[in-house]
Amino acid sequence: DTEVTQTPKHLVMGMTNKKSLKCEQHMGHRAMYWYKQKAKKPPELMFVYSYEKLSINESVPSRFSPECPNSSLLNLHLHALQPEDSALYLCASSLAGMRQPQHFGDGTRLSIL
Amino acid sequence: GESVGLHLPTLSVQEGDNSIINCAYSNSASDYFIWYKQESGKGPQFIIDIRSNMDKRQGQRVTVLLNKTVKHLSLQIAATQPGDSAVYFCAEILIQGAQKLVFGQGTRLTINP
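In order, the protein sequences belong to chains C and Z. Under this note's numbering, residues 1 to 113 are what the first sequence spells out, in order. Under this note's numbering, residues 1 to 113 are what the second sequence spells out, in order.
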């Protein structure tokens, strides 16, 4: 079982809905990440939080809004998504930075109607 | 384009044989590499990592080789088992600009009984 927990596992939403994806880890990791993975493609980095501060935003559209309430939690707020945003959204964490292994959750499978 | 790539998109091996999955990278300044395994419906699972000051690193049934001269990375899996069936990604830390983990396209490993 993964030590990074993501909820929900599946989410179907309309283009006008607002929803949030949640990620939690209790490994004491201080870096947390959001990735997007389309079918048959590798994960692509979206956001990086380091010590609860946003350190990298890979030019992600503003309809995706990350939040890191504390060192164990990471949220991704969704609003006015497009059908092409349908994908697997993966959360990961690492001890302190990029040069340490990132541990991934099993993702949220998001479908936009 | 992607700085990390794989030579073959699919690989089939007989159960019990050794598997070798290859990866080429183009950024000679990269200094940290990771192999991940992703099973269907799950997030990427850390297998093994290697830093550029090493040529070889061994884990349980896995060995990673790094050839910096030709910018090549490989993952060897000994005595392949059915549970090894998955997509394998190599990943590289790009150190130009903001550091980030970049995944290769992946190789699907299929184990034949």
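Just to be clear, a hint being listed does not mean it is correct.
Each computed BS3-like pair below joins lysine-lysine, with the alpha-carbon atoms no more than 25 Å apart [what the hints assert, rightly or not]:
{"#": "1", "chain 1": "Z", "residue 1": "Lys42", "chain 2": "C", "residue 2": "Lys9"}
{"#": "2", "chain 1": "C", "residue 1": "Lys36", "chain 2": "Z", "residue 2": "Lys56"}
{"#": "3", "chain 1": "C", "residue 1": "Lys19", "chain 2": "Z", "residue 2": "Lys71"}
{"#": "4", "chain 1": "C", "residue 1": "Lys36", "chain 2": "C", "residue 2": "Lys19"}
{"#": "5", "chain 1": "C", "residue 1": "Lys22", "chain 2": "Z", "residue 2": "Lys71"}
{"#": "6", "chain 1": "C", "residue 1": "Lys36", "chain 2": "Z", "residue 2": "Lys68"}
Keep in mind that the hints were calculated from the coordinates and are not lab data.
Hint-by-hint comparison with the structure:
1. Z:Lys42 <-> C:Lys9: With a Cα-Cα distance of about 10 Å, the restraint between Lys42 of chain Z and Lys9 of chain C holds, given a limit of 25 Å.
2. C:Lys36 <-> Z:Lys56: Violated: Lys36 of chain C and Lys56 of chain Z sit about 31 Å apart, past 25 Å.
3. C:Lys19 <-> Z:Lys71: Measuring from Cα to Cα gives roughly 43 Å; hence the hint is violated.
4. C:Lys36 <-> C:Lys19: holds (16 Å)
5. C:Lys22 <-> Z:Lys71: violated (38 Å)
6. C:Lys36 <-> Z:Lys68: The hint is violated at about 30 Å.
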